[in-house]
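Student: Sequence:
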Amino acid sequence: MQTERTQFRVADTCTANCSLVSYNRRDFYKITLTLAGKSVLYYANKAIEINRPALVFTNPLVPYSWEGNHEATVAHFCVFTKEFLQENGRVHSLEESNLFKVGGDPIYFLSDEQADYINSIFTRMKLEQESDYIYKNDLIRNHLNLIIHEAIKMQPAIAYFTPQKASSRIAKLFLDLLERQFPVDSQQYSLLLKKASDFADQLAVHVNHLNAAVSEVTGLSTTQHINNRIIAEAKSLLTHTDWNVAEIAGSLGFGYASYFNNFFKKHTGLTPTALRKIL
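By the UniProt record's numbering, the letter at position 169 of the sequence shown is numbered 169, and the numbering carries on one by one without gaps.
Calculated from the structure, these hints are not laboratory results. Small disclaimer: the values here were computed from a predicted structure and weren't measured. Even glycine gets a Cβ: it sits at the ideal position worked out from N, Cα and C. Keep in mind that a hint or two might mislead.
Taking lysine-lysine and the DSSO-like style, the derived pairs with C-alpha atoms no more than 27 Å apart in a straight line are [what the hints assert, rightly or not]:
| id | residue 1 | residue 2 |
| --- | --- | --- |
| 1 | 277 | 266 |
| 2 | 277 | 30 |
| 3 | 172 | 30 |
| 4 | 194 | 82 |
| 5 | 136 | 194 |
| 6 | 172 | 195 |
Computed spacing ranges between beta-carbons, pair by pair [to be verified]:
| id | residue 1 | residue 2 | range |
| --- | --- | --- | --- |
| 7 | 180 | 259 | 15 to 25 Å |
| 8 | 195 | 120 | 38 to 48 Å |
| 9 | 195 | 130 | 39 to 49 Å |
| 10 | 242 | 180 | 22 to 32 Å |
| 11 | 209 | 183 | 45 to 55 Å |
Kindly generate the complete structure, drawing on both the sequences and the hints.
Tutor: And the structure:
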């Protein structure tokens, strides 16, 4: 029996029930409410100091990390898929929204009144999540939209600064973002980021700046890293799945199997079919 795919979860930091059985970070958007303390959020190539109540919106395709005692400052967070929020077509593309779009402003600082209000919404979402009400997902979706619309009415934070060792950080972000696309575990999935410019767009940096940083730090070009990772995944799929070559090509973002064959042979000296025969 196939387990139903989880599309939403709300929890407090460090609570046991915040794990997702079918969680895949590349599929989930996240909203975090912080209420006190100090931390720094590194989001793409930006760094933002958080020293008062704030809402933080993170995109599944943009790497981020926290510095400081983040867990002690977070009150609630929720993760959700695009499909959960967009059910019945009521919400426009999340990737293009001001809250989640690449290069957008992910942090919205709150007044005490706003923090209390949004804190109460998170509390209600947690209660509904544990209830047996048959339409609880509709209620949760409404609460989630309330949070989103409250943020849309606010002015975003603009106190960004450039982290030290910018080249090292950009290179790490690129490698994190590259690895986040793998493993390819479904024929319905296709790589979204296949060129250096795709990664530069996600990280909100110029492609030349990205290429220079990656080359400086790793000794390999951005394209070499991308190609090496795609080849490694292709070999894994050829070895561990019964997918045919066309299915593997599609899942790796190649429009035609012939393009994949040529790419694979160029980098390995063998066609995918020839490699599979000797494995």
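Student: Next step is simple, just say for each hint if it's right about the structure.
Tutor: These are the hints, each one checked on the structure:
1. 277 / 266: 18 Å, holds
2. 277 / 30: Measuring from Cα to Cα gives roughly 43 Å; hence the hint is violated.
3. 172 / 30: 21 Å, holds
4. 194 / 82: 22 Å, holds
5. 136 / 194: The given pair, whose Cα atoms are some 39 Å apart, is violated under the 27 Å limit.
6. 172 / 195: It holds: about 17 Å lies between the C-alpha atoms, which stays within 27 Å.
7. 180 / 259: 15 to 25 Å: This hint holds: roughly 24 Å between Cβ atoms.
8. 195 / 120: 38 to 48 Å: Since the Cβ atoms of residue 195 and residue 120 sit about 45 Å apart, the hinted range of 38 to 48 Å holds.
9. 195 / 130: 39 to 49 Å: For residue 195 and residue 130 the Cβ distance comes to about 44 Å; the hint holds.
10. 242 / 180: 22 to 32 Å: 26 Å, holds
11. 209 / 183: 45 to 55 Å: 29 Å, violated
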